[in-house]
Amino acid sequence: MGRYILRRLVQMIPLLLGISIIIFLVIQAAPGGPETVFLGQGRFVDPEIMEKYRQRLGLDQPIYVQYLRWIGAALRGDFGYSYTAARPVSQMILERLPATLELMAVGFVLAAIIALPLGIYSAIRQYSIFDYLGTSFSFLGIAMPVFWFGLILQLIFAVRLGWLPTSGRITVGNTGFGDQVAHLILPAVVLSLRYIAGWSRYMRASFLGVINTDYVRTARSKGLSEQRVALVHALKNAAIPVVSIMALDLAGLFSGAVITETIFAWPGIGRLFIQAMFDRDYPLLMGILMLGSLMVVFFNLIADIIYGILDPRITYD
Amino acid sequence: MTNSRLQRKQQKALPTKERTQSSIIWRKFRRHKAAMVSAAVLLILTTMVFLAPWIAPYDFDEIDLPNRQEPPSLQHPLGTDDLGRDLYTRILYGGRISITIGLFAALASTLLGTFLGALAGFYGGAIDNAIMRFTDMAISVPSLPLLIVLSSYSSAAIPIMILIIALLSWMSTARVVRGAVHSIKQQEFVNAAASIGGRNGYIILRHIIPNVMGPVIVGATLGVGGAIIIESSLSFLGLGISPPTPTWGNMLQDSQATMASKPWLTIFPGLAILITVLCINFLGEGLHDALDPTLSNRG
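Top to bottom, those sequences are chains A and B.
Using our numbering, read the first sequence as starting at 1 and increasing by one per residue.
Using our numbering, read the second sequence as starting at 1 and increasing by one per residue.
Isolated chain B, as found in the complex:
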């Protein structure tokens, strides 16, 4: 190898652009094809769902009795239900509620779990003991039956559904965050921050939380899918958001009775749930690979 070629090679190896943390993560994420495709699908789906009032061909409660229980056709791409309401329109509107509940329930449970986990991991001792014993109890009550009981107490409004789901799904985040905080707390940079007079709250927010964000983000992503499934299961049992406001779950609630003659009423709302949750899980998988610093940093 001649000298000039060697030089050129060395120059090439020098970073031309600064490689920030986020650019590394983005690079790694982009390599995960399923996650990229899923992110695109979710983006399109969410946009469509939130633009429903403008792009839906009908109103979600537009009753059209002469055309009820129509199979999919050009006028009604996914058919109509037993009141002649357009199924495609209702799936768009239903998605608004299902996705909203999923997003906010995951956000709320992540915040709660991170808060409790950080508290337990940082302070240790009696606080740690109390929080973690409580977590053990909360995780040992079968959550679906408890959710069913709680949501039977009131005619569910969206904020109540979000609150109930969040209250029963923060436990695994708390455990993960507690473990991570506990190990990070003993590292030098935390001692350094404390030695220059950083207050506890500041150290937790500024130095510790950013270092546990990886698993928390992944957990939160998967939590969105989990919450969508929980919401739809509760609505299916007749305990979620009640009709006529459509959600993917309550659209399926009555479909079991008419399944034999009107299968499209069963198939399409469920397919919407399946596709959304599938994409969310792939996205979580991609984020997991991208955010885990122990996996290769080269992209």
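Next comes chain A alone, as it looks inside the complex:
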């Protein structure tokens, strides 16, 4: 197992380098090049001054030199300076990271504690009304545009009923725990919806897949209670594919957070990203894209490792 993880970690290196090239090229493709943003924002700038700035920023070098400089610094955790804030990108990202991680973690846990029991119960009571309602709900959840769902929840619970705050992470001047929780509810629900929908369907399908196997029948014929059969014997195997899908989806939560944070003015990385996009703050955009890719690659590895731990049929060597 240890050797497997080590091998995977080594394999991640070329993958991440390839990703960094893609990201770098995408940013280079910006119309007019990054320096026009840094300097002129459309205004006329003396070509001589422009040239000086280009030299200072290293933008007069060939593109591969620029890339090597960027990736070399990035490997040491230095993603350059933000064009607009004139502060280190890594510092700005680290500042915003806790808010995003908090939202992702709460959304993830919320999705798990709703989706898994929902899926299991739907499978046990297959073709019952509950099952139909659950299936309809998951179809709705998968088809729902995230940003619209957020708007509708805001409309109902914040604007009409006034139960929850519309946006933000805390009320200024209020540092109470209850206030923080109230701010978290709507964004977390919005972020978790599609995972509740997806995971409950996976859980249901996976559970139905094991419920008619011989070993479950054996457990039943030993006279075990239905509850014990379902929750101990069947669940153990049914959970394996679901858990690894959940780990894979953790990375997708990052993309979801971009939209969710924008709607709810949540001060995390997603919102920083949108702001950087409008400011055309390219070093910041590159840093955030790299962080997002790193998360995807990392959670893919976690998913594979979990799969190997849970399923003894899989051997790594």
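Where hints are given, some of them may not hold.
List of simulated lysine to any residue pairs, SDA-like, C-alpha gap at most 25 Å [stated by the list, open to error]:
1. B:Lys-262 with A:Ser-128
2. B:Lys-262 with A:Val-159
3. B:Lys-262 with A:Phe-157
4. B:Lys-262 with A:Leu-153
5. B:Lys-33 with A:Phe-139
6. B:Lys-33 with A:Phe-130
7. B:Lys-33 with A:Ala-205
8. B:Lys-262 with A:Phe-139
9. B:Lys-33 with A:Gly-162
10. B:Lys-33 with A:Leu-133
Since the hints were made in silico from the structure, they are not lab data.
Knowing the structure of chain A, use the given hints to seat chain B on it.
Chain B in isolation, oriented as in the chain A frame:
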């Protein structure tokens, strides 16, 4: 059982009509009620949307300031927006663009994914390695943020939106097709085709692709819904097709500010997206059941 009854029963069991591949698929599809209803709804919706210039009660940019921000009424079944433009009309016109982008983006990404996947699966070796490693990279960059960056580069026109969405959503098709082609390639009928002198391109198009069409069609169907959601998300962020041309996404773009007093401006365009994508997903589910030969062939 008497002899004559037995005979009659045997006769009955004989196929009266030839059961072609497509008739079997149609039979199986018809049994999926949700998919049938969804197909009907989509047909009606698409027809209405593409006939918008003829059936819409107003022009999509017909400004009527005295009647602006009207709630739904008989004159304006879904109300009017902040310039007095009829919301029902704008949803019809907006649907034209949203659905067009969805269809063509899914088509383009399916073609690209099938092409790359077939290439990788058929030739194997270095080509396979190169294509699949590239797929791994493309799938590891969070696609929504990358889409946001790419679409911020230009004031988006419809073909550009289609291209950008397609460029970032071909990966799963490529993986599925590669796997399927890889396993089909080793079967006898492919060897047979090669042994009578079939060229590679011919074998791929004629013998291999038809056998992987099932999952590809299902993926493409779901891709239409996915692309509609992506388009609307980008438009919502102000990066899609820009006003005054309506799309379902850009109609929602400004609605957040006026949501409290004019909720209909938020509710109806989103509902249009939800219903369309929901029906597309049901359709995909029905097609999946109908096209999967491992599920019962009897209908």
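Hints, one by one, checked against the model:
1. B:Lys-262 with A:Ser-128: Violated. Lys-262 of chain B to Ser-128 of chain A sits at ~40 Å, over the 25 Å cutoff.
2. B:Lys-262 with A:Val-159: Satisfied, since the Cα-Cα distance of roughly 12 Å is no more than 25 Å.
3. B:Lys-262 with A:Phe-157: With a Cα-Cα distance of about 16 Å, the restraint between Lys-262 of chain B and Phe-157 of chain A holds, given a limit of 25 Å.
4. B:Lys-262 with A:Leu-153: 15 Å, holds
5. B:Lys-33 with A:Phe-139: At roughly 15 Å apart (the allowed maximum being 25 Å), Phe-139 of chain A and Lys-33 of chain B satisfy the hint.
6. B:Lys-33 with A:Phe-130: 19 Å, holds
7. B:Lys-33 with A:Ala-205: Holds, because 20 Å separates the two Cα atoms, which is no more than 25 Å.
8. B:Lys-262 with A:Phe-139: Judged against 25 Å, a Cα distance of about 28 Å means the pair is violated.
9. B:Lys-33 with A:Gly-162: Distance of about 40 Å is beyond 25 Å: violated.
10. B:Lys-33 with A:Leu-133: Given pair Lys-33 of chain B, Leu-133 of chain A holds - Cα atoms ~16 Å apart, limit 25 Å.
Hint violations for this structure: numbers 1, 8 and 9, all remaining hints satisfied.
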